[in-house]
Every structure is written in C-alpha cells, then in structure tokens.
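Colleague: So the chains spell out like this:
Number of protein chains: 2
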Amino acid sequence: MKKINKKPTPLIYPVPAAMVSCGSNPEEYNIITIAWTGTVNSIPPMCYVSIRKDRYSHSIIEKNREFVINYSTKNLVRAADFCGRMSGRDFDKFKEMNLTPKKGEIVSVPIIEESPVNIECKVTEIKELGSHDMFLAEVVNIQVSEDYIDSSNGTVSMRHKELMAYSHGKYVQLGEILEQAGFSIKKNK
Amino acid sequence: MKKINKKPTPLIYPVPAAMVSCGSNPEEYNIITIAWTGTVNSIPPMCYVSIRKDRYSHSIIEKNREFVINYSTKNLVRAADFCGRMSGRDFDKFKEMNLTPKKGEIVSVPIIEESPVNIECKVTEIKELGSHDMFLAEVVNIQVSEDYIDSSNGTVSMRHKELMAYSHGKYVQLGEILEQAGFSIKKNK
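These protein sequences, in sequence, are chains W and L.
Mapping the first sequence onto the numbering used here, position 143 (from 1) lands on 143, and the numbers just tick up by one.
Mapping the second sequence onto the numbering used here, position 110 (from 1) lands on 110, and the numbers just tick up by one.
Here chain W stands alone, though its shape is the one from the complex (with noise of 0.2 Å):
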C-alpha cells in the first residue's frame, strides 16, 4: 500500500456531529454542532466539547459551565449542520430548526426533545490549546427515549442504523453493523 504524507490536520474521523445545548435561560438558549467532542474517561464518566474562543456558545458555557451533548440523527442532519454553520447570536436555533427545548433533570441547560440521547454534563476544567478551548466536563445524567430502551431489562438499546457520524466534510448514516465487541477472542475459544 503505497503512503503519501500529508501536512499535519485534524484527521480522526469518523466522530460525532453531537447538537450541543447551552444557556441557562430561555433568552440564552442555544445549540452548536460539535465534532470535537468524546469520552476521556469512563470512572467518573467525562467527556469534553473543543470549541473556537469567538464562537456564541463558547460564552455561555464559560459562564454557565454546563452543557447537554444531544445526538444527530439522519432526521436531524439539517439541523445539526445549520446549528453548526450559522451563530446565537443571529437565530434562535430552537425556533428556527423546529426543535424543543426541555428542561433538563440536573442542569438548567435544556435538552433537544427530538434528539433520542441527551448527555447533561457540568464543565469541570476549561483548558486552552491554540484555535479551541477544551471544556473538560463530568456526565451528571442521560436522558434517553423509550425507543432506545430494551422494555425487557431496562438497559440501553441503540438504534444504530438512526444515527450519523461527520466523517472528513460528510454527514454519513451508520450501516451495516459488523460485529459486537469482543467477537475475536470468542471464536477463538
């Protein structure tokens, strides 16, 4: 396989295109699309959101120190993408993207009702690293649909075909699913 390098960019794909939800009041609040976000750590559950120092939503959740990470959908890929394109500051992303805020259990930010998984989350360390800050937050609750609930034993059951992930420039559906983990060291009992 022959290898060309290339200069050195933000490649780690494919990742989220979570709707993060911000603002503490209905006059704040807000929705940004970000990729840069994941878990950093399991016990305590902690994930974090990098986003640019100029962007609306940067503000909120510096002052607030919360926020809801909200997942896309294929149903929401035009919202996501218009709530990671254009500013708070210009729309009421809520209104004009037809979605509902609702309040979240333990944060005040609210969560996207028409997103299945709402991940409510407290910024415990906000760290600078160049074009981003990385907000450092600890999960405090989820909130997830009954439709991704297996009525049987309570557990979450993930409607993976439903969800998306931004790959290089793309909004791209989940396929196929390949295999459950741990399937390698099973067969070769």
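Honestly, the hints are just simulated from the structure, not real lab data.
Possibly wrong hints are sitting among the right ones.
Listed next, the in silico DMTMM-like pairs over lysine to aspartate or glutamate satisfying Cα-Cα at most 20 Å (straight line) [stated by the list, open to error]:
id : chain 1 : residue 1 : chain 2 : residue 2
1  : W       : Lys74     : L       : Glu176
2  : L       : Lys127    : W       : Glu138
3  : W       : Lys3      : L       : Glu113
4  : L       : Lys102    : L       : Glu176
5  : L       : Lys127    : L       : Glu176
6  : L       : Lys122    : L       : Glu176
7  : W       : Lys186    : L       : Glu27
8  : W       : Lys63     : W       : Glu96
Predicted model only: the values in this text are computed from it and were never measured.
Let chain W serve as the given structure and place chain L on it in line with the hints.
Modeller: Same frame as chain W, but now just chain L:
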C-alpha cells in the same frame, strides 16, 4: 418522545475504533484499540487518547511520548477487536494479526501498513482523570494510502464506506453519505 433518566455512563457515540500503535523498537511494538479518542484542537492540530493506567500501552506511550492513530476499516475489524481485548504483555499483536509495522515518517513508532490513514502524534501532556489517563498530543505527520488521495488535486478523498465506527458495543460500518457539511445554508440562499 418519552425519556427515561439513566445513570451517568460514557455514552457518546459513534466514535472511532482507532488502532493506536506504539513502541520505539520492535521488541516493544504494540497496538491498542481505543474508542476514547478524537480531535481537541485545529490549530495546531491536536488529539487525545485516553488509556487505563494498567494497560501495557500506557507505560510504553508514557515512556516514549509518541503514538500513531491508525484508521480501522471493516477489513480490520477482527484485528481491531483483538488489539482492544488482549494485552501486548501476552501477544505480539502485529504478528498475531498479520499486520506490518512500518517506520513512521517523524515518530519512531511504527504505523500499521494495512491501515489506510496513519496519524503520527507526539504527546504534549498526560492528564490523570480517574480510571483513565488522557494523553494530549500534537499531530506531526499523516500518512495516507494512495487510494485515499484524489489524484487530480492531491487532496484526501475519504473512502467512507470502508471505515467503521464503534457504537455502544458494536463495530458498525459507515453507510450512506447523507449530506455535505454546509448544505443547509447553501439551500437557504
């Protein structure tokens, strides 16, 4: 949409199932598959991997302060799973999975030749968070397979459908491209 409150857990999906290579000499070359990874900054390009303290790769990366993030493709699903489950203390994973270590361009860590995109990284900080340590790193070079390069202009042309994501215990192939980033505001004009 009725929502159920769930205890806080790491539930941000889909994420990469990155095969992270490490080691500065063939005796310590190793691979660990990591879902807790992503981009944290654009300028300069920075990423992270979070690794449990007791993992073999943790001590190697802590010592050498270099690693390579190698894309997992659907063809590499078995290798990715094995490298995430088994320890380099017990297996030479390159040999066991028939993978080829090839010299990094900038780092002394080997890239995985069979992976189409190899992101060479140098650690800038190790942050203790609890169960995991987060290795923050700067991207110093990227190697990209010719198949992933648009020959007309030399830019990266991602073969999204060859890639896979990790989503709540499953390896999931990427599916249909839904839209190009920015489409929502183009349609508005």
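Colleague: Each of the hints needs a verdict: does it hold here or not?
Modeller: Checked hints:
no.: 1; hint: W:Lys74 <-> L:Glu176; result: holds, 10 Å
no.: 2; hint: L:Lys127 <-> W:Glu138; result: holds, 15 Å
no.: 3; hint: W:Lys3 <-> L:Glu113; result: holds, 9 Å
no.: 4; hint: L:Lys102 <-> L:Glu176; result: violated, 32 Å
no.: 5; hint: L:Lys127 <-> L:Glu176; result: violated, 37 Å
no.: 6; hint: L:Lys122 <-> L:Glu176; result: violated, 34 Å
no.: 7; hint: W:Lys186 <-> L:Glu27; result: violated, 27 Å
no.: 8; hint: W:Lys63 <-> W:Glu96; result: violated, 24 Å
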